[in-house]
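> Protein chains in written order, with the numbering used here: chain A, 1 to 198; chain B, 1001 to 1198.
Because the hints were derived from the structure by calculation, they are not lab data. One should not assume that every hint holds.
[Claimed, not checked] Derived DEER-like restraints, expressed as beta-carbon distance ranges:
(1) T135/A - K1053/B: 41 to 49 Å
(2) D1039/B - D150/A: 33 to 41 Å
(3) M1035/B - E115/A: 17 to 25 Å
(4) T1146/B - E70/A: 22 to 30 Å
(5) G164/A - P1005/B: 34 to 42 Å
(6) D184/A - L1154/B: 53 to 61 Å
(7) S1042/B - D37/A: 16 to 24 Å
(8) G164/A - E1012/B: 23 to 31 Å
(9) D37/A - R1196/B: 45 to 53 Å
(10) D37/A - E1126/B: 43 to 51 Å
(11) P5/A - D1039/B: 47 to 55 Å
(12) E70/A - M1035/B: 21 to 29 Å
[Stated by the list, open to error] Simulated coverage check for chain A against chain B, where a stretch passes if three residues somewhere in it have a Cβ under 8 Å from a Cβ of chain B:
(13) 2-13
(14) 25-32
(15) 44-55
(16) 58-67
(17) 143-151
Using N, Cα and C, we set each Cβ at its ideal position, and we do this for glycine too.
Number of protein chains: 2
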Amino acid sequence: MYFTPPLARLIEEFQKFPGVGPKSAQRMAFFVLNMSDNDVQSLARVLVDAKDKVKHCSSCFHLSANDPCEICTNVRREKSTICVVADSRDVIALEKTREYKGFYHVLNGLISPLEGRGPEQLRIKELLARTAGGTIKEIILAINPTIEGDATVLYISSLVKPLGIKTTRIAFGLPVGSDLEYADEVTLTRALEGRREV
Amino acid sequence: MYFTPPLARLIEEFQKFPGVGPKSAQRMAFFVLNMSDNDVQSLARVLVDAKDKVKHCSSCFHLSANDPCEICTNVRREKSTICVVADSRDVIALEKTREYKGFYHVLNGLISPLEGRGPEQLRIKELLARTAGGTIKEIILAINPTIEGDATVLYISSLVKPLGIKTTRIAFGLPVGSDLEYADEVTLTRALEGRREV
Chain A
1 MYFTPPLARL
11 IEEFQKFPGV
21 GPKSAQRMAF
31 FVLNMSDNDV
41 QSLARVLVDA
51 KDKVKHCSSC
61 FHLSANDPCE
71 ICTNVRREKS
81 TICVVADSRD
91 VIALEKTREY
101 KGFYHVLNGL
111 ISPLEGRGPE
121 QLRIKELLAR
131 TAGGTIKEII
141 LAINPTIEGD
151 ATVLYISSLV
161 KPLGIKTTRI
171 AFGLPVGSDL
181 EYADEVTLTR
191 ALEGRREV
Chain B
1001 MYFTPPLARL
1011 IEEFQKFPGV
1021 GPKSAQRMAF
1031 FVLNMSDNDV
1041 QSLARVLVDA
1051 KDKVKHCSSC
1061 FHLSANDPCE
1071 ICTNVRREKS
1081 TICVVADSRD
1091 VIALEKTREY
1101 KGFYHVLNGL
1111 ISPLEGRGPE
1121 QLRIKELLAR
1131 TAGGTIKEII
1141 LAINPTIEGD
1151 ATVLYISSLV
1161 KPLGIKTTRI
1171 AFGLPVGSDL
1181 EYADEVTLTR
1191 ALEGRREV
């Protein structure tokens, strides 16, 4: 017991965060002690507030303080495309490209028998329900190139294709700015497979 | 504006922490959203509680929820020695060695003309007051081997030595387990200067 109890508890709490080890947790706790009383109270409020207000959009399941979310209610977005992703973080990553203008659908994970996650735990039923109206012309699967990702893509496309909806998956290949020499074999194989006429 | 406002604010707050960049802040914020309501509320309480309760010991200025602190009130500690450090974190580091049994004195920084910190901003007056009773036989300066540290050591020893109190500084040299070949010149010079008969 080197730290006085309230400080020890704070360090403990910070250590629970991903990527925060004992040293970082200690640094963060000391940082809190150096903040003003007001700033600490406001930080505490922001924490509770975020947990309180941020829910899943009932249509696309993206994290949002509003339901339906800002993307689903945006009238300028293209109504004919749904981009399917595993996680809300992927929505953010795609939004940052400013390239995609359609809607999203967050699956909440990928099929993973090892982790005991089957298709029924993902929001696939809800995705199919969204295609019912006939306005959806394309479903883009922006899913990681992993075993779990491949399984999920296969499963979803087997359900969506029969509905006559175009189903695509984002391209895998060399990252821009990278060097062919240092690319791993699997990425290079994917890049070859995905080659396009110039 | 990619994140819904309450989430964006939380990410912003986390980014203020030392060593936390945008990606880590995002990961931490998502971690909070995945915590239970109870856990988030308890985290918020622990934050406010730590800030509220942890103060400086009025004798040694170490961070503590009690005043005087657990170390100053421990009757089993040796009353004749004070170990002077720059920061409360240094107290923790020394306590972890389980070697030192005396008292501490936290200066709250080092003399640094560049950062506008003179001796009067440090708790040197308070240190001298503690030596007044005559029980203190040795003052150990556990101060970093930097320019600021050297200046502070010089200043304090010039005040304490005339009082007839033994004044020592912790040793500098090769860290245990390190390799002489890779040590920098300054460290090697210090190690040579500090050589002892075997």
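> Now look at each hint and say whether the structure bears it out.
Hints, verified against the model:
no. : hint                         : verdict
1   : T135/A - K1053/B: 41 to 49 Å : violated (58 Å)
2   : D1039/B - D150/A: 33 to 41 Å : holds (35 Å)
3   : M1035/B - E115/A: 17 to 25 Å : holds (20 Å)
4   : T1146/B - E70/A: 22 to 30 Å  : violated (50 Å)
5   : G164/A - P1005/B: 34 to 42 Å : holds (39 Å)
6   : D184/A - L1154/B: 53 to 61 Å : holds (57 Å)
7   : S1042/B - D37/A: 16 to 24 Å  : holds (20 Å)
8   : G164/A - E1012/B: 23 to 31 Å : violated (45 Å)
9   : D37/A - R1196/B: 45 to 53 Å  : holds (49 Å)
10  : D37/A - E1126/B: 43 to 51 Å  : violated (24 Å)
11  : P5/A - D1039/B: 47 to 55 Å   : violated (19 Å)
12  : E70/A - M1035/B: 21 to 29 Å  : holds (24 Å)
13  : 2-13                         : holds (count 9)
14  : 25-32                        : holds (count 7)
15  : 44-55                        : holds (count 11)
16  : 58-67                        : holds (count 4)
17  : 143-151                      : violated (count 0)
Checked against the numbered hints given earlier, the structure breaks hints 1, 4, 8, 10, 11 and 17 and satisfies all the rest.
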